[in-house]
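All chains, please: the whole structure from these sequences, using the hints.
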Amino acid sequence: MLSRELTQLSETSRSGNQVSEYISSTFLEKENKKRPMSQICGLKKPKCTPNRSVSIPRFGVSTNQEELLAKELEDIHRWGVDIFKISKYSGNRPLTVTMYSIFQAVFTDLEILAALFASAIHDVDHPGVSNQFLINTNSELALMYNDASVLENHHLAVGFKLLQEENCDIFQNLSKKQRQSLRKIVIDMVLATDMSKHMNLLADLKTMVETKKVTSLGVLLLDNYSDRIQVLQNMVHCADLSNPTKPLELYRQWTDRIMVEFFTQGDRERERGMEISPMCDKHNASIEKSQVGFIDYIVHPLWETWADLVHPDAQDILDTLEDNREFYQSLIPHSPSAVLEEKSLGRGASGGSGVGSGGAAGEKFQIVLTLEEEEGETDAESPEEEVESGHGWVRNAPGWKAGQRSDREDEDGDEDEGGDGELHRGGRNIPRQRSGT
1 MLSRELTQLS ETSRSGNQVS EYISSTFLEK ENKKRPMSQI CGLKKPKCTP NRSVSIPRFG
61 VSTNQEELLA KELEDIHRWG VDIFKISKYS GNRPLTVTMY SIFQAVFTDL EILAALFASA
121 IHDVDHPGVS NQFLINTNSE LALMYNDASV LENHHLAVGF KLLQEENCDI FQNLSKKQRQ
181 SLRKIVIDMV LATDMSKHMN LLADLKTMVE TKKVTSLGVL LLDNYSDRIQ VLQNMVHCAD
241 LSNPTKPLEL YRQWTDRIMV EFFTQGDRER ERGMEISPMC DKHNASIEKS QVGFIDYIVH
301 PLWETWADLV HPDAQDILDT LEDNREFYQS LIPHSPSAVL EEKSLGRGAS GGSGVGSGGA
361 AGEKFQIVLT LEEEEGETDA ESPEEEVESG HGWVRNAPGW KAGQRSDRED EDGDEDEGGD
421 GELHRGGRNI PRQRSGT
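Quick note on the UniProt record's numbering: the sequence shown kicks off at 1 and runs consecutively.
For the record, the hints were derived by calculation from the structure and aren't laboratory data.
Heads up, a few of these hints could be off.
Simulated restraints on C-beta separations [stated by the list, open to error]:
#	residue 1	residue 2	range
1	Thr264	Val214	41 to 51 angstroms
2	Arg252	Asp109	15 to 25 angstroms
3	Glu210	Glu166	34 to 44 angstroms
The calculated lysine-lysine pairs, modelled on BS3-like cross-linking and capped at a C-alpha distance of 30 angstroms, are [what the hints assert, rightly or not]:
#	residue 1	residue 2
4	Lys213	Lys197
5	Lys71	Lys85
6	Lys88	Lys71
7	Lys88	Lys282
8	Lys161	Lys177
9	Lys161	Lys197
10	Lys184	Lys197
11	Lys161	Lys176
12	Lys176	Lys212
13	Lys197	Lys177
14	Lys161	Lys184
15	Lys88	Lys161
16	Lys212	Lys197
17	Lys212	Lys184
18	Lys282	Lys197
19	Lys282	Lys85
Glycine included, each C-beta is placed from N, C-alpha and C at the ideal position.
Here it is in structure tokens:
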């Protein structure tokens, strides 16, 4: 179903095609030709030899702003902790102080310990380019790992190699069996952060949610490794796709940083005479549309399903995600045709029943639906023009509806058109109307 919707999106406009290609190339798994393996070392040697006699700082790093750092770390368990302030006060070592603070508590459960370690190393030594870029440039990493989850395999190799450095084996007191179990969990979790695995992970998670719904107590026993690792994999995957769920100020900083990374890769591709990857061309990429599409097609379906699994513990996160989506939607400029149409309908920029100030409080998302069967379409209302108005290209975005979102929704994603002039999608009714902005 997603492939069909992405095809429709790509046909609407140039920017829609870029967003569609980015989602397709990043989150849909593709088969790659095998390449010969080569030897490679991805571990950077420390500049100095650790000394056991040297006292370890309170948070694992030396800083002259320890009290400010301590204050920020008090919120380490709060969603939306300001990681940028932690980075500032720790001398650009936020991961070290965060993990050091967490490890100061005693964790005896092996799976929790493995999950924390996997989260810490899941992007270690990241080169700032995508798997596909490494494959297309015949990089040593791609050759080493035969084009399969190139970066994820590299992160694992570097992470476990670090444990072999002097005074770095934090698992030295585990038994051989415990170490083997921990290593398997970590590998399974980090490999699941390959974004091309997204659709399979989401499908399995939806199945788990349905299983929870049909059980008599509405709970999952998780009494086998397969079920437990599935939850852990989706948990770290949700964390990996959590930037849009953070408070808006933090989310915008992450967006700026990832777009710099994308555009830097695009510049490298341009210099090499390569085809520029989707959303990596700084001359024509639409950041606002990319974020709305990213949320509609990838992030919201995942977090909505996770929120259903752990209901009601993630509802605030889901609400923040929807508010952030609305913010970026409001930044997408209108085309002249859309403005003229609103005037012809007798409503100003603040009118209507949608996201604008005149809208009902409970109706956050009034999404334009462009259906071939819909009557009354004028020649001026082409799909491309609706895309430029920032509405039409999300007409089939999964997981969205007008008005309040129901707590229990159909997961089959079926679409049918009812006789009451509404589109029924996944158990939800989406009125056919155009919103004010």
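Here is how each hint holds up against the structure:
1. Thr264 / Val214: 41 to 51 angstroms: Between threonine 264 and valine 214, where Cβ atoms are some 48 angstroms apart, the hint holds.
2. Arg252 / Asp109: 15 to 25 angstroms: Since the Cβ atoms of arginine 252 and aspartate 109 sit about 36 angstroms apart, the hinted range of 15 to 25 angstroms is violated.
3. Glu210 / Glu166: 34 to 44 angstroms: violated, 49 angstroms
4. Lys213 / Lys197: holds, 25 angstroms
5. Lys71 / Lys85: holds, 10 angstroms
6. Lys88 / Lys71: holds, 13 angstroms
7. Lys88 / Lys282: holds, 28 angstroms
8. Lys161 / Lys177: holds, 19 angstroms
9. Lys161 / Lys197: Holds, at about 25 angstroms.
10. Lys184 / Lys197: Between lysine 184 and lysine 197 the Cα gap is close to 18 angstroms, so the pair holds against 30 angstroms.
11. Lys161 / Lys176: Holds, because 17 angstroms separates the two Cα atoms, which is no more than 30 angstroms.
12. Lys176 / Lys212: Measuring from Cα to Cα gives roughly 35 angstroms; hence the hint is violated.
13. Lys197 / Lys177: holds, 29 angstroms
14. Lys161 / Lys184: Distance of about 15 angstroms is within 30 angstroms: holds.
15. Lys88 / Lys161: holds, 28 angstroms
16. Lys212 / Lys197: holds, 23 angstroms
17. Lys212 / Lys184: holds, 26 angstroms
18. Lys282 / Lys197: holds, 27 angstroms
19. Lys282 / Lys85: holds, 28 angstroms
Of the numbered hints stated above, those contradicted by the structure are hints 2, 3, 12, listed in ascending order.
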